[in-house]
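Colleague: Residue numbers (the numbering used here), protein chains in the order written: chain A, 1 to 297; chain Y, 1 to 211.
Watch out, some of these pointers could steer you wrong.
Taking lysine-lysine and the DSS-like style, the derived pairs with C-alpha atoms no more than 30 Å apart in a straight line are [as the list claims (entries may be wrong)]:
1) A:240 - Y:111
2) Y:26 - A:105
3) Y:26 - A:106
4) Y:112 - A:106
5) Y:136 - A:100
6) Y:111 - A:106
7) A:100 - Y:16
8) Y:112 - A:105
9) Y:112 - A:100
10) Y:94 - A:241
11) Y:45 - A:240
12) Y:128 - A:246
13) Y:128 - Y:97
14) A:100 - Y:111
15) A:106 - Y:16
If you are wondering where the hints come from, they were derived from the structure by calculation, not from laboratory data.
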Amino acid sequence: MEYDPVDTLESIGFSKPTGRKRWIHCRLYPVKDKDGKVLNVVQIEEDITDQKKAEDQMNELRAELLHSTRAGTMVELTAALAHELNHPLGSILNNANAAKRFLEKKDPDLNEIREIISDIISEDRRASDVMQKLRALMKKEEVNFAPLQINDIIEEVVKFTQSDLIIKNISLTKQMEENLPKIWGDRTHLQQVLLNLIMNATDAVKTSKIKAINISTAKDDAENIIISVKDSGTGIDENKKDDLFKPFYTTKKEGMGMGLSVIRTIVKSHEGAIWVENNPEGGASFFVKIPIYKEPV
Amino acid sequence: MGKNIPRIFIVDDDEKFSKSLSRLVKSIGFDVETFLCAQEFLERKHYKGVSCLLLDVRMPGLTGPDLQEELKNRSIDMPIVFLTDHGDVPTGVKAMKDGAVDFLPKPVEEKKLFEAIDHALDRDAQLKKSTREIEKAKSLVASLTPREQEVMRWLITGMLNKQVARYLGATERTIKAHRSQVMHKLGVVSVAELVRLAQKADIPPAKRSPR
Chain A
1 MEYDPVDTLE SIGFSKPTGR KRWIHCRLYP VKDKDGKVLN VVQIEEDITD
51 QKKAEDQMNE LRAELLHSTR AGTMVELTAA LAHELNHPLG SILNNANAAK
101 RFLEKKDPDL NEIREIISDI ISEDRRASDV MQKLRALMKK EEVNFAPLQI
151 NDIIEEVVKF TQSDLIIKNI SLTKQMEENL PKIWGDRTHL QQVLLNLIMN
201 ATDAVKTSKI KAINISTAKD DAENIIISVK DSGTGIDENK KDDLFKPFYT
251 TKKEGMGMGL SVIRTIVKSH EGAIWVENNP EGGASFFVKI PIYKEPV
Chain Y
1 MGKNIPRIFI VDDDEKFSKS LSRLVKSIGF DVETFLCAQE FLERKHYKGV
51 SCLLLDVRMP GLTGPDLQEE LKNRSIDMPI VFLTDHGDVP TGVKAMKDGA
101 VDFLPKPVEE KKLFEAIDHA LDRDAQLKKS TREIEKAKSL VASLTPREQE
151 VMRWLITGML NKQVARYLGA TERTIKAHRS QVMHKLGVVS VAELVRLAQK
201 ADIPPAKRSP R
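Build out the structure end to end from the sequences listed, making use of the hints.
Modeller: Rendered as structure tokens:
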């Protein structure tokens, strides 16, 4: 007789004695005779409510954590925002008030007024740019945590950046420990972290003689995976090491200074940590630490 | 630019903001000069006319409060109105204690800004006036002969000619002649006026040595 399950399904049922909702995992096995004719069906039911609950709670917690770390970043953001928004808003107000007064004069200088208006327009754009970047940061995004192999994610991201690195004549090497345990993480967010770190490293080595980036992964003694992105750039001012992760901190002309602060938020939502160190031989290394995934018992 | 129009100096690292502020201040008829950093402002020749400084708090390099201190070190007494984009209370308190005229949040309300500027310019005009008076008093005193200066120091103690004569070992008539010379040269008509002028010129009264 064969006992392959014909069907398995998870469904919500009700337990008899208490009438409470339960999650039931149900498997159906056909009981066949020699000719394959189904004589009977055996149904095995397993109560998986606790397991389900644990999974749901975990996911809820992660989503909440990610949002709350972002909200925490908001407190820092408000101070930075004051700076970023007050300037364009202040300019607009000053310009408008000045224009109004110039127009009340007998022979207003129309060129001056024209200049003022075009400044008002560009300052308004500056303010809305800030708001747009902020909105992207504040969005409560869907998160999908799952056990992930960090090396796979690195390979995916590296593949994506390869052509850019070749054009810029940057050599990228990898030192990844094999058979690393998995971490519990959100694939898209971790990709974003690595992509950002690689892009930053690319910028850091832009003007260096030796343009090299090294990515490594390893397990530490405390059940964490450590990822490092090392560059051969000019390194980081020791006093600025903590400022680096603050919102709106930037050394780049075109940058908004949001990259590292977003990265830090993501890493925190993975219960991890991020920091930077200068290499003894020059350049800087960014380290990301993420705890290893432990299967629920 | 007009000779008697007060000049407003703006030091702010945000170019666009600085420009808009300069237009606003120009629109009510002041002369304006803008600087994108504190260092640049320090390199400018010290302005002699009535003026005030609109100063950003947070700037790369020398900050607003740094510049305030540096001006103090150089004995440049230009009234300062701070503009800040974050309500940093301790910084504000310190700046005010160190003599700032006002500490205004950005974006700054036009009315408040103009009031602060008026206040700052009044203070500067007052300061410049008393500086001028001091200089005038000093140069007047310098026009006296050493002997006349000595007589002046005795006169401002409130003594009569007769008493001064005794202290200086001169006749009363000589002292009387010196006295009228002093009053004439300094352009004063009473001892009270003489005392005020001496104070401005930082001339101490003579000390009676015990007889």
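Colleague: Does the structure keep residue 136 of chain Y and residue 100 of chain A at a Cα separation of 30 Å or less?
Modeller: Not OK: residue 136 of chain Y and residue 100 of chain A at ~44 Å, beyond 30 Å, violated.
Colleague: Assess, step by step, whether the Cα of residue 45 of chain Y is no farther than 30 Å from the Cα of residue 240 of chain A, and give holds or violated.
Modeller: Not satisfied, since the Cα-Cα distance of roughly 35 Å exceeds 30 Å.
Colleague: Is residue 112 of chain Y close enough to residue 106 of chain A, meaning Cα to Cα at most 30 Å?
Modeller: holds (26 Å)
Colleague: Need the status of pair residue 100 of chain A, residue 111 of chain Y: alpha-carbon distance at most 30 Å?
Modeller: Since the Cα atoms of residue 100 of chain A and residue 111 of chain Y sit roughly 15 Å apart, the hinted pair holds (cutoff 30 Å).
Colleague: Is residue 26 of chain Y within 30 Å of residue 106 of chain A, Cα to Cα?
Modeller: holds (16 Å)
Colleague: For a C-alpha distance cap of 30 Å, please report whether residue 100 of chain A and residue 16 of chain Y respect it.
Modeller: Between residue 100 of chain A and residue 16 of chain Y the Cα gap is close to 18 Å, so the pair holds against 30 Å.
Colleague: Please work out if residue 106 of chain A and residue 16 of chain Y have their alpha carbons no farther apart than 30 Å.
Modeller: holds (27 Å)
Colleague: Just to be careful, I want the Cα atoms of residue 240 of chain A and residue 111 of chain Y compared with a cutoff of 30 Å; is the pair within it?
Modeller: Between residue 240 of chain A and residue 111 of chain Y the Cα gap is close to 39 Å, so the pair fails against 30 Å, i.e. violated.
Colleague: Given the hinted pair residue 94 of chain Y and residue 241 of chain A, is their alpha-carbon gap at most 30 Å?
Modeller: holds (28 Å)
Colleague: Is the Cα-Cα distance between residue 26 of chain Y and residue 105 of chain A 30 Å or less?
Modeller: holds (13 Å)
Colleague: Is residue 112 of chain Y close enough to residue 100 of chain A, meaning Cα to Cα at most 30 Å?
Modeller: Holds - the C-alpha atoms of residue 100 of chain A and residue 112 of chain Y are around 18 Å apart, at most 30 Å.
Colleague: Holds or violated: residue 112 of chain Y and residue 105 of chain A, Cα atoms, limit 30 Å.
Modeller: Distance of about 23 Å is within 30 Å: holds.
This entry does not satisfy hints 1, 5, 11 and 12, going by the numbered hints stated previously.
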